[in-house]
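Asker: Chain by chain, the residues run as shown.
There are 2 protein chains.
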Amino acid sequence: MDLHEKHLTMAEWEALILALIHRAEVGEVAEPLENVHREKGSHYDVIFVGGGAGGRFGSAYSQARGLRQLVVDKWPFLGGSCPHQACVPHHLFSELAREMDYMRWNAETLFFPKFDDAKASIVEAIEVFKNGRNNAHAFMNWQSKEQLDMEYILNSWATVVDKNTVEVNGETFSCDNLVLATGAGTYLPPEIKGLLAEPGTPLGDRLLKRGVYDFSALIDPGLDYEPTSCVIIGGSKIAIEYGSFYQAAGCQTTILTRRQLMRTESLHHVDEDLRRYVVKNMKLRGMEIVEGCEILEVLGTERATGVRVLLADGTEDVFETDFVFIGTGERPPTKPYVDALGIEVDEKGSIKVNSRMQTSVPGVYAIGDLIGSPMEMFKARKCGMTAAKNISGEFAEFDFSEYPDFLHTTYEVTWVGLTEDEAREQYGDISVLQMPPKGIEDHEVCLPLSEGTMLYGHSRPELTGFQKAIYDNRSRRLVGAHHVGYGAKDAFQYLDHLIKKGITVDEMGEMNELFLNPEHFIQLSRLRAGNRDLTSL
Amino acid sequence: MDLHEKHLTMAEWEALILALIHRAEVGEVAEPLENVHREKGSHYDVIFVGGGAGGRFGSAYSQARGLRQLVVDKWPFLGGSCPHQACVPHHLFSELAREMDYMRWNAETLFFPKFDDAKASIVEAIEVFKNGRNNAHAFMNWQSKEQLDMEYILNSWATVVDKNTVEVNGETFSCDNLVLATGAGTYLPPEIKGLLAEPGTPLGDRLLKRGVYDFSALIDPGLDYEPTSCVIIGGSKIAIEYGSFYQAAGCQTTILTRRQLMRTESLHHVDEDLRRYVVKNMKLRGMEIVEGCEILEVLGTERATGVRVLLADGTEDVFETDFVFIGTGERPPTKPYVDALGIEVDEKGSIKVNSRMQTSVPGVYAIGDLIGSPMEMFKARKCGMTAAKNISGEFAEFDFSEYPDFLHTTYEVTWVGLTEDEAREQYGDISVLQMPPKGIEDHEVCLPLSEGTMLYGHSRPELTGFQKAIYDNRSRRLVGAHHVGYGAKDAFQYLDHLIKKGITVDEMGEMNELFLNPEHFIQLSRLRAGNRDLTSL
Chain X
17 MDLHEKHLTM AEWEALILAL IHRAEVGEVA EPLENVHREK GSHYDVIFVG GGAGGRFGSA
77 YSQARGLRQL VVDKWPFLGG SCPHQACVPH HLFSELAREM DYMRWNAETL FFPKFDDAKA
137 SIVEAIEVFK NGRNNAHAFM NWQSKEQLDM EYILNSWATV VDKNTVEVNG ETFSCDNLVL
197 ATGAGTYLPP EIKGLLAEPG TPLGDRLLKR GVYDFSALID PGLDYEPTSC VIIGGSKIAI
257 EYGSFYQAAG CQTTILTRRQ LMRTESLHHV DEDLRRYVVK NMKLRGMEIV EGCEILEVLG
317 TERATGVRVL LADGTEDVFE TDFVFIGTGE RPPTKPYVDA LGIEVDEKGS IKVNSRMQTS
377 VPGVYAIGDL IGSPMEMFKA RKCGMTAAKN ISGEFAEFDF SEYPDFLHTT YEVTWVGLTE
437 DEAREQYGDI SVLQMPPKGI EDHEVCLPLS EGTMLYGHSR PELTGFQKAI YDNRSRRLVG
497 AHHVGYGAKD AFQYLDHLIK KGITVDEMGE MNELFLNPEH FIQLSRLRAG NRDLTSL
Chain U
17 MDLHEKHLTM AEWEALILAL IHRAEVGEVA EPLENVHREK GSHYDVIFVG GGAGGRFGSA
77 YSQARGLRQL VVDKWPFLGG SCPHQACVPH HLFSELAREM DYMRWNAETL FFPKFDDAKA
137 SIVEAIEVFK NGRNNAHAFM NWQSKEQLDM EYILNSWATV VDKNTVEVNG ETFSCDNLVL
197 ATGAGTYLPP EIKGLLAEPG TPLGDRLLKR GVYDFSALID PGLDYEPTSC VIIGGSKIAI
257 EYGSFYQAAG CQTTILTRRQ LMRTESLHHV DEDLRRYVVK NMKLRGMEIV EGCEILEVLG
317 TERATGVRVL LADGTEDVFE TDFVFIGTGE RPPTKPYVDA LGIEVDEKGS IKVNSRMQTS
377 VPGVYAIGDL IGSPMEMFKA RKCGMTAAKN ISGEFAEFDF SEYPDFLHTT YEVTWVGLTE
437 DEAREQYGDI SVLQMPPKGI EDHEVCLPLS EGTMLYGHSR PELTGFQKAI YDNRSRRLVG
497 AHHVGYGAKD AFQYLDHLIK KGITVDEMGE MNELFLNPEH FIQLSRLRAG NRDLTSL
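Each protein sequence line maps, in turn, to chains X and U.
Under this note's numbering, think of the first position of the first sequence as 17, with each following residue one higher.
Under this note's numbering, think of the first position of the second sequence as 17, with each following residue one higher.
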């Protein structure tokens with residue numbers, strides 16, 4: 017369908033995408049969606065292969081800089097897996113988890129009825145998501161065309177012929193620069209037996225055993241039964257986030273993880289007090305967490321019946337379940353690029369890039385999840401922007417080694433900068449401003465208190481969260497901030513910026529807080545800022 | 017009770033405060049709580065009269081700077097009216113309002129039952145607050161003594177004898193500097209008849225007519241019946257916030273206001289699009305808003321039965337109700353200080369101060385609500401800090417003319433900097449990055465989408481909120497930010513700081529956002545930052 021001269025409304029876009037997704041589901045080959053300015057020829061300054069977060073933002077930036085750009089995606093919408101199967105459903109599920117948790121703790125008080133576990137359906141939550149997701153898809157397509165002037169071909173596979181040639185639906189497009197941006201997928205550790213329906217099925221078109229799901233299969237084709245329990249393989253963010261949702265939905269959930277929870281390579285700067293609070297509260301809500309174990313096999317022939325593991329004490333055990341969820345992290349499938357371009361990859365298959373997003377092949381860039389961790393939205397988008405800047409002739413680097421991070425349990429857990437231990441090691445003399453203060457137990461004080469924990473604060477103080485700000489006493493600079501609760505996540509974006517700019521306790525104390533600010537960093541800082549020699553609080 | 021050598025636990029503090037409040041309620045004269053270092057004599061560098069936000073933070077800062085300080089409060093706890101009757105209950109009620117609203121919109125979908133209006137009790141919500149509030153009180157007393165080393169006398173009235181002398185419980189204390197910090201109370205417009213039980217009762221020990229409440233009387237003595245409807249006099253923040261709670265609790269609420277809602281003197285920088293979204297959604301939830309009217313009288317002899325008003329069209333009308341709530345703002349009762357010190361006040365009775373918090377009487381400072389608008393927490397606390405700095409010999413000024421602001425409906429509504437109209441007038445050439453974008457209706461797009469609006473986003477896009485960032489095109493600086501939704505409030509503290517520092521669209525675009533950040537300012541900025549000539553989005 018040629019959309020170049022058309023201006024679809026949001027409703028028209030939504031109906032179109034829905035129809036195309038349906039046609040793909042039933043196996044029909046659906047026509048591509050094209051917004052291509054063919055009158056300008058088939059040569060581009062840059063072609064983005066993959067129109068997820070990185071490809072879309074890179075395209076927008078390229079357009080803004082006056083480059084001619086084309087982006088190609090297999091799906092009939094821009095935005096990638098995030099709004100279709102990954103981050104957005106996770107956010108919906110985390111909101112529902114928080115709500116179910118809140119309704120359960122407060123059941124039979126105030127206007128809260130007895131919580132009906134039988135009504136807490138994982139399948140229904142998935143349906144709500146699938147019924148709503150096409151609106152975001154529609155908006156990405158609308159905005160990318162009407163506001164950002166991108167050229168795109170959607171619902172189409174791009175074949176990289178060489179570094180200057182991409183083939184789409186039999187048509188050849190040439191480019192001066194190529195940006196690879198096709199993302200990653202769940203990593204299935206080969207040493208775990210029984211994950212796949214048919215052993216030996218290659219990773220590309222794998223079919224997980226019935227009863228085994230990753231975040232993607234959970235949505236498409238979708239979970240089609242209410243599990244009685246869940247066993248999660250791995251301790252990634254996905255494991256914690258989806259696990260907390262399943263548990264809140266009344267599905268007894270067990271996490272089997274090799275390392276201590278939140279002590280994985282992919283999560284850095286996790287403060288021990290924050291970790292303690294998070295894990296304690298997951299357990300308080302009934303989750304079972306088995307650390308230090310090695311997953312051997314998913315049992316069951318027709319469908320999963322349990323997971324066999326080697327426990328930390330050297331004995332074997334079986335965790336029976338009708339729902340196995342894979343939370344072992346993601347890796348990018350990069351073989352097509354190695355084959356076509358001879359591009360260099362690392363030991364996990366991620367494409368190697370320098371700080372300008374340049375690969376080993378001149379003129380070829382790689383961005384987003386395709387280049388490895390962290391597989392986060394900000395990184396994908398800024399990789400796209402960085403590639404676009406360099407292609408437009410600007411020397412631009414992007415260092416994503418330090419960034420604010422978060423995950424969901426039934427709480428929002430957010431952190432940036434150094435942990436207390438790291439700060440002590442690096443600076444020696446530090447002050448820690450935290451709530452509850454050291455020496456006061458969680459249940460003794462209703463603080464931190466703010467939007468989302470007000471009711472807990474007046475009945476169950478131990479559920480109101482945890483927070484900590486860390487200062488280097490010599491420079492008086494903020495070096496770390498950590499928060500469990502709600503409503504502080506947005507602030508951490510700016511705290512990250514301010515920490516990098518060297519914000520001090522004195523400057524923090526001069527800010528204008530909005531009472532009851534979810535993290536109490538400003539007022540706690542002010543309570544100490546008067547001290548010539550900074551001390552903890 | 018002499019607490020100087022004692023170290024009460026949180027639980028001991030809580031029990032003690034509860035007992036003292038109870039004794040006061042039944043009319044007993046209870047003993048004072050004293051943490052006074054009498055071994056150091058009765059002379060102080062500074063005495064704070066009033067231990068609310070301003071007095072407590074001023075005391076903490078004075079202590080930190082090595083000044084000897086005493087703070088006196090009439091209540092048996094530090095922290096003032098905020099955690100006892102004002103901001104904290106409002107926050108609890110706003111959380112409950114949001115929750116009831118959420119449960120009502122989603123009723124009979126997913127795990128949400130039919131919402132039972134009969135169970136939504138205002139009285140019960142007040143009880144929950146009163147049962148929980150003493151924990152925060154206990155913490156203020158504990159922290160102020162154990163962590164901040166303050167000297168204080170609580171549960172006691174301070175009489176200002178002269179600018180260097182304060183009498184407490186018959187004992188005289190002298191000081192070099194005096195800081196007045198006793199706050200404000202609801203303003204009862206004298207032209208409105210029938211507010212008081214006995215006409216002519218002075219403001220200090222007034223007794224409102226049965227059925228007439230302000231935020232303070234709502235808590236103490238407390239509403240003791242479930243109203244069938246509510247009529248709110250005035251259009252202040254309190255009117256909007258408490259009114260939204262009453263409406264969510266199933267109590268049909270009408271706001272009678274002289275000016276357009278959110279177009280009052282005390283609320284500056286309210287963007288018209290933001291206002292439209294907020295008011296539209298209050299009405300969507302069933303609230304009646306009557307603008308441009310003049311309140312004449314609260315009807316009823318034994319108890320309130322209705323409110324008589326002069327409407328904008330010049331006709332009179334009566335709004336019948338069994339619950340009248342006063343939302344006309346607050347004013348400080350300053351007559352005792354005028355009488356004792358001859359201190360200068362303005363036409364509303366607020367004490368006049370310069371930017372150093374100095375009053376017309378040398379050595380006497382005034383802070384917080386006592387000096388007038390804005391009656392916000394950040395101002396009170398920073399006033400206290402500013403007074404302490406000046407007393408300690410530092411030249412310190414505090415300009416609170418520009419600050420981030422917020423209010424609650426069933427949403428969090430937050431803003432900082434200029435409105436679109438103000439920015440256009442001041443800078444001429446501006447860009448507006450907003451969601452939904454201009455030309456797209458609220459119901460057409462599920463954005464903004466983030467924690468708290470995920471479920472709305474997938475079923476009722478029109479409820480997901482509104483946001484707008486405004487840039488001056490010439491300097492590319494952020495000049496205003498506006499948000500309706502959840503979870504962005506905390507960020508506005510830092511946005512306020514960054515706007516004052518001159519943050520540009522380019523710097524915003526380089527930040528590391530945390531997906532799905534409640535306000536999409538960073539990524540929207542990045543989508544435009546590539547443009548040499550900034551344009552709206």
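By construction, these hints were calculated from the structure, which means they are not laboratory data.
Check the hints yourself; a few may be wrong.
Which copy is meant is left open, because identical chains are indistinguishable; a pair holds if it fits in one copy or across any two.
Under the rule of at most 20 Å between Cα atoms (straight-line distance), these lysine to any residue pairs were calculated in the SDA-like manner [said to hold, decoys possible]:
#: 1; residue 1: 179; residue 2: 28
#: 2; residue 1: 22; residue 2: 455
#: 3; residue 1: 517; residue 2: 280
#: 4; residue 1: 296; residue 2: 180
#: 5; residue 1: 517; residue 2: 57
#: 6; residue 1: 368; residue 2: 415
#: 7; residue 1: 146; residue 2: 478
#: 8; residue 1: 22; residue 2: 372
#: 9; residue 1: 135; residue 2: 319
#: 10; residue 1: 135; residue 2: 122
#: 11; residue 1: 22; residue 2: 413
Asker: Now, for every hint given, state plainly whether the structure supports it.
Answerer: Now for the hints, and whether the structure bears them out:
1. Proximity of residue 179 and residue 28 under a CA criterion of 20 Å is satisfied in neither setting, with 36 Å inside one chain copy and 73 Å between copies.
2. Taking the shortest alpha-carbon separations for residue 22 and residue 455, only the inter-copy value of 17 Å comes in at or below 20 Å, while the best intra-copy value is 65 Å.
3. Within a single copy, residue 517 and residue 280 get their C-alpha atoms no closer than 28 Å, and across copies no closer than 38 Å, so neither meets the 20 Å cut-off.
4. In this assembly of identical chains, the alpha carbons of residue 296 and residue 180 never lie at most 20 Å apart, being 54 Å within a copy and 53 Å across copies at closest.
5. When the C-alpha separation of residue 517 and residue 57 is checked against a cutoff of 20 Å, the pair qualifies neither within a copy, at 46 Å, nor between copies, at 46 Å.
6. Proximity of residue 368 and residue 415 under a CA criterion of 20 Å is satisfied intra-copy only: 14 Å inside one chain copy versus 51 Å between copies.
7. Within a single copy, residue 146 and residue 478 get their C-alpha atoms only as close as 36 Å, which misses the 20 Å cut-off; across copies the closest is 18 Å, which meets it.
8. In this assembly of identical chains, the alpha carbons of residue 22 and residue 372 never lie at most 20 Å apart, being 36 Å within a copy and 62 Å across copies at closest.
9. Neither within a single protomer nor between protomers do residue 135 and residue 319 lie at most 20 Å apart by alpha-carbon distance, with minima of 25 Å and 45 Å respectively.
10. Proximity of residue 135 to residue 122 under the C-alpha cut-off of 20 Å is found in both arrangements, the shortest distances being 17 Å within a copy and 13 Å between copies.
11. Taking CA atoms no more than 20 Å apart as the test, residue 22 paired with residue 413 passes in neither setting, with 38 Å inside one copy and 59 Å between copies.
Violated hints, listed in ascending order, are 1, 3, 4, 5, 8, 9, 11; each of the other numbered hints is respected by the structure.
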